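Participant: First residue of the sequence shown? That's 29 in the numbering used here, and the numbers climb one at a time after it.
Calculated directly from the structure, the hints in this document are not laboratory data.
These numbers come from a predicted model, not from an experiment.
A hint or two may mislead.
Unchecked claim - Cβ-Cβ distance ranges computed for the label pairs, FRET-style:
id, residue 1, residue 2, range
1, K68, S118, 34 to 40 Å
2, E130, A67, 33 to 39 Å
3, A67, M114, 31 to 37 Å
4, E121, S70, 28 to 34 Å
5, A67, H87, 19 to 25 Å
6, Q86, P50, 21 to 27 Å
7, G69, S129, 29 to 35 Å
8, S70, G119, 27 to 33 Å
9, G69, G48, 27 to 33 Å
As the list claims (entries may be wrong) - Here are the simulated DSBU-like pairs of lysine-lysine, each with C-alpha atoms no more than 30 Å apart in a straight line:
id, residue 1, residue 2
10, K106, K68
11, K68, K57
12, K84, K131
13, K131, K106
14, K84, K68
15, K57, K131
16, K57, K84
17, K106, K84
18, K57, K106
Virtual Cβ for every residue (Gly too), placed ideally from N, Cα, C.
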Amino acid sequence: MKRAVVFVGLLLVTTLVVAGLPPPSDIPKEGDCPSDYSAKGSQCFPGANAKFAFVKFQHCPDRYVEQGNYCVATAEAKLAIRRAAMSCPSGFESVGNYCISEK
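Using the sequences and the hints given, assemble the complete structure.
Facilitator: This is how it looks when you write it as structure tokens:
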């Protein structure tokens with residue numbers, strides 16, 4: 029019983045932390061798709077257990093793991109977008125080639 033309570037608590041905490049990221053969505057296929065994504069044509073489609081992921085640009089930001097040509101969010105990850113201009117949008121800080129959400 030105690031293990032079940034601990035497991036449910038950990039699951040709830042993980043869900044709350046990941047809730048700050050957008051849900052996984054279709055991403056362009058660049059080599060093999062990341063874990064829990066399936067390839068169809070030129071896209072990778074998220075499965076039920078997929079995590080937020082995007083095509084890697086050089087190195088993945090902190091709290092993301094590299095899976096082939098992709099960066100996949102961990103439970104501690106904040107939203108990361110590729111920095112396309114000299115500065116990041118409001119609410120984001122510049123970290124290498126990415127803009128990382130301050131929240």
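Participant: For each hint, tell me whether it holds in the structure or not.
Facilitator: Status of each hint after checking the structure:
1. K68 <-> S118: 34 to 40 Å: 36 Å, holds
2. E130 <-> A67: 33 to 39 Å: Taking Cβ atoms as reference, E130 and A67 lie about 34 Å apart, which means the hint holds.
3. A67 <-> M114: 31 to 37 Å: For M114 against A67, whose Cβ atoms are near 35 Å apart, the range 31 to 37 Å holds.
4. E121 <-> S70: 28 to 34 Å: Holds, since E121 and S70 (Cβ atoms, about 32 Å apart) stay within the stated range.
5. A67 <-> H87: 19 to 25 Å: 24 Å, holds
6. Q86 <-> P50: 21 to 27 Å: 22 Å, holds
7. G69 <-> S129: 29 to 35 Å: Holds - the Cβ-Cβ distance for G69 and S129, about 31 Å, lies within 29 to 35 Å.
8. S70 <-> G119: 27 to 33 Å: 31 Å, holds
9. G69 <-> G48: 27 to 33 Å: 31 Å, holds
10. K106 <-> K68: Satisfied, since the Cα-Cα distance of roughly 28 Å is no more than 30 Å.
11. K68 <-> K57: 9 Å, holds
12. K84 <-> K131: 22 Å, holds
13. K131 <-> K106: With a Cα-Cα distance of about 7 Å, the restraint between K131 and K106 holds, given a limit of 30 Å.
14. K84 <-> K68: Since the Cα atoms of K84 and K68 sit roughly 20 Å apart, the hinted pair holds (cutoff 30 Å).
15. K57 <-> K131: 29 Å, holds
16. K57 <-> K84: 12 Å, holds
17. K106 <-> K84: Within the cut-off at roughly 15 Å; holds.
18. K57 <-> K106: Holds, at about 23 Å.
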